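Protein chains in written order, with this note's numbering: chain D, 1 to 345; chain Z, 346 to 690; chain S, 691 to 1035; chain U, 1036 to 1380.
Do not take every clue at face value.
Calculated lysine-lysine pairs in the BS3-like style (CA-CA distance at most 30 Å, straight line) [claimed, not checked]:
| no. | chain 1 | residue 1 | chain 2 | residue 2 |
| --- | --- | --- | --- | --- |
| 1 | U | Lys1113 | S | Lys900 |
| 2 | S | Lys772 | S | Lys726 |
| 3 | U | Lys1245 | S | Lys914 |
| 4 | S | Lys768 | S | Lys726 |
| 5 | D | Lys210 | Z | Lys569 |
| 6 | D | Lys224 | Z | Lys555 |
| 7 | U | Lys1259 | Z | Lys569 |
| 8 | S | Lys914 | Z | Lys569 |
| 9 | D | Lys224 | Z | Lys569 |
| 10 | U | Lys1166 | U | Lys1245 |
| 11 | U | Lys1245 | D | Lys224 |
| 12 | U | Lys1166 | Z | Lys569 |
| 13 | U | Lys1245 | Z | Lys476 |
| 14 | U | Lys1259 | S | Lys914 |
| 15 | U | Lys1166 | S | Lys914 |
| 16 | D | Lys36 | D | Lys78 |
Derived list of chain U stretches under chain S, where covered just means 3 residues or more per stretch with a C-beta under 8 Å from a C-beta of chain S [as the list claims (entries may be wrong)]:
| no. | segment |
| --- | --- |
| 17 | 1037-1048 |
| 18 | 1104-1118 |
| 19 | 1157-1164 |
| 20 | 1202-1214 |
| 21 | 1251-1262 |
| 22 | 1280-1292 |
| 23 | 1361-1374 |
A short, non-exhaustive set of chain Z residues, derived as facing chain U with CB atoms under 10 Å [stated by the list, open to error]:
| no. | residue |
| --- | --- |
| 24 | Tyr391 |
| 25 | Pro392 |
| 26 | Ala431 |
| 27 | Leu587 |
FYI, nobody ran anything at the bench for these hints, they're computed from the structure.
Note that the coordinates shown come from a computational prediction; the quantities given were computed from them, not determined experimentally.
Positions of the beta carbon are idealized from the N, C-alpha and C atoms, including for glycine.
There are 4 protein chains.
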Amino acid sequence: MIGVAVVGYGYWGPNLVRNFWETPGARLVSVCDLRKERLATVQTRYPAVDITDDFEEVLRDPRVDAVAIATPAAAHFKLAMKALMAGKHVLVEKPMAATSDEARRMVEEAARRRLVLAVDHTFVHTGAVRKMRELVEDGLGDVYYYDSVRVNLGLFQHDVSVIWDLAVHDLSIMDYVLPERPVAVSATGMSHIAGEPANIAYLNLFFESKLIAHIHVNWLAPVKVRRTLIGGSSKMILYDDLEPSEKIKVYDKGITLNGNPQKNGEKVYQMLVGYRTGDMYAPHLDVAEALGIELRQFIDCIERNENPVADGNAGLRVVRILEAATQSLAERGRVVELEHMRRIA
Amino acid sequence: MIGVAVVGYGYWGPNLVRNFWETPGARLVSVCDLRKERLATVQTRYPAVDITDDFEEVLRDPRVDAVAIATPAAAHFKLAMKALMAGKHVLVEKPMAATSDEARRMVEEAARRRLVLAVDHTFVHTGAVRKMRELVEDGLGDVYYYDSVRVNLGLFQHDVSVIWDLAVHDLSIMDYVLPERPVAVSATGMSHIAGEPANIAYLNLFFESKLIAHIHVNWLAPVKVRRTLIGGSSKMILYDDLEPSEKIKVYDKGITLNGNPQKNGEKVYQMLVGYRTGDMYAPHLDVAEALGIELRQFIDCIERNENPVADGNAGLRVVRILEAATQSLAERGRVVELEHMRRIA
Amino acid sequence: MIGVAVVGYGYWGPNLVRNFWETPGARLVSVCDLRKERLATVQTRYPAVDITDDFEEVLRDPRVDAVAIATPAAAHFKLAMKALMAGKHVLVEKPMAATSDEARRMVEEAARRRLVLAVDHTFVHTGAVRKMRELVEDGLGDVYYYDSVRVNLGLFQHDVSVIWDLAVHDLSIMDYVLPERPVAVSATGMSHIAGEPANIAYLNLFFESKLIAHIHVNWLAPVKVRRTLIGGSSKMILYDDLEPSEKIKVYDKGITLNGNPQKNGEKVYQMLVGYRTGDMYAPHLDVAEALGIELRQFIDCIERNENPVADGNAGLRVVRILEAATQSLAERGRVVELEHMRRIA
Amino acid sequence: MIGVAVVGYGYWGPNLVRNFWETPGARLVSVCDLRKERLATVQTRYPAVDITDDFEEVLRDPRVDAVAIATPAAAHFKLAMKALMAGKHVLVEKPMAATSDEARRMVEEAARRRLVLAVDHTFVHTGAVRKMRELVEDGLGDVYYYDSVRVNLGLFQHDVSVIWDLAVHDLSIMDYVLPERPVAVSATGMSHIAGEPANIAYLNLFFESKLIAHIHVNWLAPVKVRRTLIGGSSKMILYDDLEPSEKIKVYDKGITLNGNPQKNGEKVYQMLVGYRTGDMYAPHLDVAEALGIELRQFIDCIERNENPVADGNAGLRVVRILEAATQSLAERGRVVELEHMRRIA
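Model the full assembly from the supplied sequences, consistent with the hints where possible.
What follows is the structure, encoded as structure tokens:
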């Protein structure tokens, strides 16, 4: 039995609490929040769970093996480092930290102490995203592009831009699904409210191969869109997370190239482009709650001393891109190299 | 009666011929194409219309007041200049020319000879785009962003990239609809076929105000998408050209800002963001064929010595952006300034 | 404070409990169910609420002013009658009873004892259905037709047909929205599983006017559909309950009749039919949880001695149609008159 | 070479003319219409084709082997009979005739003279409908239901109800796709315009097996819908004719029955119903123009003395149902038996 404490009972904390409560192998020991009224809610719903507004108390509690951190991102680093130093395994909300430097130090600390450090990239545990990874590994051929749109109205945040709030999802999915890691990023965007961070942004991700990725995020759209296109040389995927049942559609469409290029006037080699239009199919997807799967895996990793799918390095890679994109956005889309990305295991 | 010759009877020429045939005030005199079999088709369908494979003959024909040019873009400049120099009014397909320098010389030649020079930006004559302009002028408030997606499978072109083929539509619509002109452009993209131009591209357009524009074009998408979002401070538009009837949806949605900003910790001023979610409506749109409206207007402009909605300057502005975007794409999205844009009346 | 007991903690009971818990003016006294494990769940979630497996105990409890019955429909009559006879106000799940005779006796008992008898026609408390009623009352003109499709895969029931399971929703909505009550019903359908009730059915409802209504229900459809069309002489409504935001669309479309009919060959009078195609709009809808509104109203009605929107008579009318449709279905669609419908106040 | 005359150049005639013009093996000899201005249009477009307003002239013309009749339905019988008696093969628009008696006499006349009699059930030649037949023959298992919705605004007709105008399409598709023929029909509907035929109708078709079919047609709907659901024991089909590319979706969904029924209280046998939810796929469809395929087949049948897919008997079966449905509608849905349907080969 792994004893767990959840820190932060705001927007996402209740989901962690509910799921840990039902995760086999986990025992929910306590919930920590600075707000008394949030703790009162916990007490009513889970009378058997301890409540506290003192994080140090959580760290001292010998029943607590692991700490799940669901506070605002600015506090992730401090809380996670304290937990690791107290010998606790850590699951931290995304984005993992406020800077890549913080994230790197968290990874190093966990490695040094042989503790599990997991990042709550919830999407990578959904049936849809796991199916996409499967398809990218086997079926799509060479991956040509990854294009994602994640827009809706609100919820404006005051401390971080729409990149940190929405693009973080796409970056965590890409990190899991794509066979390659980006080498550079550029971003454009705009704040339409004086003194506030950007509410609309476009990210370009560059790779060493011909793969190209693009993310559009927007807090000020009249409609909600959650659509990703992945183009491959053999097949193409449309992932629409708002579809109630067929979230993933696989198209047997593409171009075919004539192997015997033609001489054509001045241009010596010109490929003949043909089109292939075959069936579409929507694979049946596992509909189990992603967070439940993730928490079981977190507990398993602690018990077996294994690495989670979304580990500290995955969290670090995502934060590094968020950071670089933020920098690029401030300079009208200057390309920012992601030098060390390949070295983050 | 304005005598008209159509030059080029390939993909688009037949639409020009069919519409000029039915345009009051126009008399379709002749069709010119280098391919005998295309001319034979004209003769069967329009026995009363002259056919010729000699452009000079068209220029010499005193019955011809105006020439409509629907050849590949590379030939536009040469043919249009000859026609203007022969004293003919000109309607030229989009993109107007292969370079902004060519386009500028066409504009100057037409101005010098007081001839009408129109560019076939067909979309600006649709009911949907005209309604958008109306809404942008009165109803949307400050325009925050213009975001367009125009993707589908094929038709790959060998001489120009997807920018010149697809983004030209969006740029011509933006030029007509938006209250401002861009001051710089950047573009990223990729060719996935060796030796061919880019088949996927993303354009960013920068303005002096907080307006931001973005265009995504792709020849290699599994689904066809034609969607534009325009966000304003008062209302927002979704324009989906594939919707059979409700192409334009106007959302009474947005944010409201508290005029009395709060002191909030270190941050001295922080606006309170509220959300407004009202009705949506889809205005009834004029469904008359855009090309028919455009050609009547072209004839009217010749008769009244007026300037068409999409004149040579509009064509020049669009070509200048295409050119700059192409340059930017080759340099991984370097921002290219559009210095003279504001001076193009 | 109105003391409430909820009887039946299966599929729907938890929603009643959760909402009564938060309804101002209501005090959730106890939950009754025959299954110990269901009661244990209640105790964990709501330690302050009494639990019992003895319905008589509920009836004897002087703190209980009202009983909400969420058991299988077969038990509604017996439990509700006992509750009424014990002087308790009653809210009963839909369908209100297994036969119209039972429903009528419940109505009479409640009237005799001046107790509130409400039926949980939840849909009539949604923002969408309330808006439809508003539009039908003012805006649609003469109502021509009401057409509803409610199909999906599962959940097959063994004791009642798809009519009692799905059409009950449409009939309760129609009862609330339409200005007229049906005078006859016919139904066709089929059971595709030996020994089981019909899993697909089509209902026709006849009215004295030219209004016509039709309901299609199906447990064996590959896709989920929840769509209602209401046609009027002035406007038409499309109600799609699966739309995340624009559930109600109002079309300013229809036909116009030439007041001056023409002589046309043998036919002496022939109206000229014209078409009107105006704007569409999607009104903003109240998104408050319907059940919460309904329970507040139930409590209000008890306090003020008023009649709820969906009272016993509404429940009776719906059950009478379900009963007649079931009879018709067994006779290949024979029309069954609903003689007394107009007399049910 | 088969010489063809087209009679009637109104709404559909031009499509026949255009397609016969391009059909290998066919020679378009003449077009006949009573309206001079329609003939003038033919002459302009097809100078090589004879025009005439005298049907007898067509019949006398030895170059004419086959006559295609695209006049109003009321005239089909008279014109087709004359053509058959003159020894001409006949292709007639749908509905084939105004009564089943007329249709039967046409079939008999053609049989007696060994002439090809084809009915223009265009839909059965589309890629989508041919694919559905394939799937019904192999893949769907037992067919449980066929449910079609065909609604839109307009075009009101004065001489026939919406059943003859719209349901004729569904009936011709069903006749081709389903493995069984209906034994009875009932219909309800309403005319909302005084003195005009019904503008909304619902048809039920009864079969000897557990198959059930239903058609909803409506001239007064605010949206256009063309959707058919076919449920089978193994798979289910959604056919949406308005989808630009994926018109046919095949769902591997359904119920599974436990072969070992349970004793359950009083009910001795109760099947356990399980649900199967597998992949969906959208097969690639042939996009060739249906009418072109149909006309080539008509010419082939004449040359090889074969029977077309939609022959006189198919046309007769459809007319018999239309006639019976019309009768049923007038009697509030009384079931009308289709006694002879099985005998129509």
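Cross-check of the supplied hints:
About 37 Å separates the Cα atoms of Lys1113 (chain U) and Lys900 (chain S), which puts this hinted pair outside 30 Å; it is violated. A hinted pair counts as satisfied when its Cα atoms are at most 30 Å apart, and Lys772 (chain S) with Lys726 (chain S) qualifies at roughly 22 Å. For the hint pairing Lys1245 (chain U) with Lys914 (chain S), the CA-to-CA distance comes to about 23 Å; that is within 30 Å, so the pair holds. Annotation: proposed proximity of Lys768 (chain S) to Lys726 (chain S) holds, straight-line Cα distance about 22 Å (limit 30 Å).
Straight-line distance between C-alpha atoms of Lys210 (chain D) and Lys569 (chain Z) comes to about 23 Å, which keeps the hinted pair within the 30 Å bound. In summary, the hint linking Lys224 (chain D) to Lys555 (chain Z) is supported, as the alpha carbons are separated by about 23 Å, within the 30 Å threshold. Distance hint between Lys1259 (chain U) and Lys569 (chain Z) is fulfilled; the C-alpha atoms sit about 21 Å from each other, no more than 30 Å. Between Lys914 (chain S) and Lys569 (chain Z) the CA atoms are separated by roughly 25 Å; this keeps the pair inside 30 Å, and the hint holds.
Using a Cα cut-off of 30 Å, the hinted pair Lys224 (chain D) and Lys569 (chain Z) holds, with the two alpha carbons roughly 19 Å apart. Using a Cα cut-off of 30 Å, the hinted pair Lys1166 (chain U) and Lys1245 (chain U) holds, with the two alpha carbons roughly 23 Å apart. A hinted pair counts as satisfied when its Cα atoms are at most 30 Å apart, and Lys1245 (chain U) with Lys224 (chain D) does not qualify at roughly 43 Å. Between the alpha carbons of Lys1166 (chain U) and Lys569 (chain Z) the distance comes to roughly 23 Å, so the proposed pair stays at or under 30 Å and holds.
For the hint linking Lys1245 (chain U) to Lys476 (chain Z), the alpha-carbon distance of about 53 Å lies beyond 30 Å, and the restraint is violated. Between Lys1259 (chain U) and Lys914 (chain S) the CA atoms are separated by roughly 19 Å; this keeps the pair inside 30 Å, and the hint holds. Annotation: proposed proximity of Lys1166 (chain U) to Lys914 (chain S) holds, straight-line Cα distance about 23 Å (limit 30 Å). The hinted pair formed by Lys36 (chain D) and Lys78 (chain D) meets the criterion: a straight-line CA distance of about 22 Å does not exceed 30 Å.
For a cut-off of 8 Å, the count of residues in the segment 1037-1048 of chain U with a CB near a CB of chain S stands at 0, and the three-residue condition is violated. Requiring three or more residues with a Cβ within less than 8 Å of a Cβ of chain S, the coverage given for the segment 1104-1118 of chain U is violated, as only 0 such residues are present. Taking a C-beta to C-beta cut-off of 8 Å, the segment 1157-1164 of chain U contributes 0 residues in contact with chain S, too few for the three needed, and the coverage statement is violated. Note: the segment 1202-1214 of chain U has 0 residues with beta-carbon separation from chain S under 8 Å; the three-residue rule is not met and the coverage is violated.
Residues of the segment 1251-1262 of chain U lying with their CB closer than 8 Å to a CB of chain S number 6, which satisfies the three-residue condition for coverage. Only residues whose C-beta sits within less than 8 Å of a C-beta in chain S count toward coverage, and the segment 1280-1292 of chain U has 6 of them, enough to reach three; the restraint holds. Check result for the segment 1361-1374 of chain U against chain S: holds, 3 residues qualifying (beta carbon to beta carbon below 8 Å, three or more required). For Tyr391 (chain Z), the suggested interface contact is upheld, since its CB lies about 9 Å from the closest CB of chain U, less than 10 Å.
Taking 10 Å as the C-beta cut-off, the interface hint given for Pro392 (chain Z) holds, the closest approach to chain U being about 6 Å. Because the closest C-beta pair between Ala431 (chain Z) and chain U is about 31 Å apart, greater than 10 Å, the hint is violated. At a threshold of 10 Å, the smallest CB-CB gap from Leu587 (chain Z) to chain U is about 7 Å, leaving the interface hint in force.
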